Amino acid sequence: MTDSQLPQPTLEPEPEDVDHSWSGRLRRWVLKVLPPEKLLPTSQPSYVATWIYMFGMGAIASLVFVIGSGAVLSLNGPMWWHLSPLGHFFNSLHLWSVEFFFFFMVIHLWAKFWMAAWRGNRALTWITGVVSFAVSIVAGFTGYLLQTNFDSQWIAYQAKDALNASGIGAWFNVANFGQMFMWHILLLPIAVLVIVALHVLLVRGHGVVPPLDAAESDSQLRETTPTEATSREA
Amino acid sequence: MHALIHLSQSTPGIFLTWGVFGIQLGNLIVIVSMFVVFGLALVVPFPRGAREGRESRESREDMK
Ligand code: HEM
Numbered sequence: 038m039t040d041s042q043l044p045q046p047t048l049e050p051e052p053e054d055v056d057h058s059w060s061g062r063l064r065r066w067v068l069k070v071l072p073p074e075k076l077l078p079t080s081q082p083s084y085v086a087t088w089i090y091m092f093g094m095g096a097i098a099s100l101v102f103v104i105g106s107g108a109v110l111s112l113n114g115p116m117w118w119h120l121s122p123l124g125h126f127f128n129s130l131h132l133w134s135v136e137f138f139f140f141f142m143v144i145h146l147w148a149k150f151w152m153a154a155w156r157g158n159r160a161l162t163w164i165t166g167v168v169s170f171a172v173s174i175v176a177g178f179t180g181y182l183l184q185t186n187f188d189s190q191w192i193a194y195q196a197k198d199a200l201n202a203s204g205i206g207a208w209f210n211v212a213n214f215g216q217m218f219m220w221h222i223l224l225l226p227i228a229v230l231v232i233v234a235l236h237v238l239l240v241r242g243h244g245v246v247p248p249l250d251a252a253e254s255d256s257q258l259r260e261t262t263p264t265e266a267t268s269r270e271a
Numbered sequence: 091m092h093a094l095i096h097l098s099q100s101t102p103g104i105f106l107t108w109g110v111f112g113i114q115l116g117n118l119i120v121i122v123s124m125f126v127v128f129g130l131a132l133v134v135p136f137p138r139g140a141r142e143g144r145e146s147r148e149s150r151e152d153m154k
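Same order as they appear, the protein sequences are chains W and P. Sequential numbering from 38 applies to the first sequence in the numbering used here. Sequential numbering from 91 applies to the second sequence in the numbering used here.
It is worth saying that the hints were derived from the structure and are not from the lab. Only a predicted model underlies this, so the values are computations on that prediction, with no experimental measurement involved. Even for Gly, the Cβ is constructed at its ideal location relative to N, Cα and C. Do not take every clue at face value.
Claimed, not checked - Listed below are several chain P residues computed to face chain W (Cβ distance under 8 Å; list not exhaustive):
| no. | residue |
| --- | --- |
| 1 | Val120 |
| 2 | Val122 |
| 3 | Ala131 |
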């Protein structure tokens, strides 16, 4: 019996063993771009231990309160939130969570701008951030239209001219309360949640961006840049 | 409570103006506090858990 007749150890699966179904391909792709240790890491590089990295999480925490208080408002309806003390409280909770959401989001945006956090293939993270900012502004705007007071009427009638001038007003009609209500409580919350989920998954997939000067000073980066490590040792 | 709501909804907001530049007081407070919080986040020390403390000591050991 010659060597070639012996069964050879198969390290790689045979091509016919590879599952070509869409679910099989999707699973391989997901495990490649977002393996469990990247999706749910148990530690972060030392440079993440500063308050400036907390603002994205602050925005998420506020968003949880925005959605939660919004759900309570939906359960009970406008008579409740306009006329009862507890309703007023939840109405205010909703508004103030939104204030904090934008507060944290803007500081987060500044932080990522000054860190140039789009470096290292993170452009899509930045872009999903920009889109979440834009979509959140529209969500906030439609919320202000729902106050059923002179303030919301004023906002709607100021905005309609700009929207009509752009052409979108024929279809996105700020004077149509029912339509704005649906945008505010269904379409825009879904859009914000989807884009934020994508944003966070992208952050997890790429890992936190190293500070601009970290390649020089951070011991943890020596492993990832072997050429620099050897040049430093030399 | 109702008097408070009435007051908060019926007063026209305080506007500050410097020449061509004008801003509502509430908006100015929010913007200034965002700058303050941004600055504080850069300088206030971040609390370290026991595990991170140990790890960072170890990594300082490797640096030697
Ligand atoms: C809905 C609002 C947003 C939420 C909930 C959110 C959430 C997060 C979280 C949790 C992180 C990781 C931790 C951190 O560094 O804070 C992150 C990272 C990031 N965010 Fe946002 N973000 C939002 C909006 C934005 C905006 C408006 C921008 C910029 C236009 C942006 C750009 C980035 C970038 C570039 C990173 C990656 C940083 C890295 O890789 O280290 N985000 N975001």
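Here's how the hints hold up against the structure:
no. : hint   : in the structure
1   : Val120 : 7 Å, holds
2   : Val122 : 12 Å, violated
3   : Ala131 : 4 Å, holds
Of the numbered hints listed earlier, the single one contradicted by the structure is hint 2.
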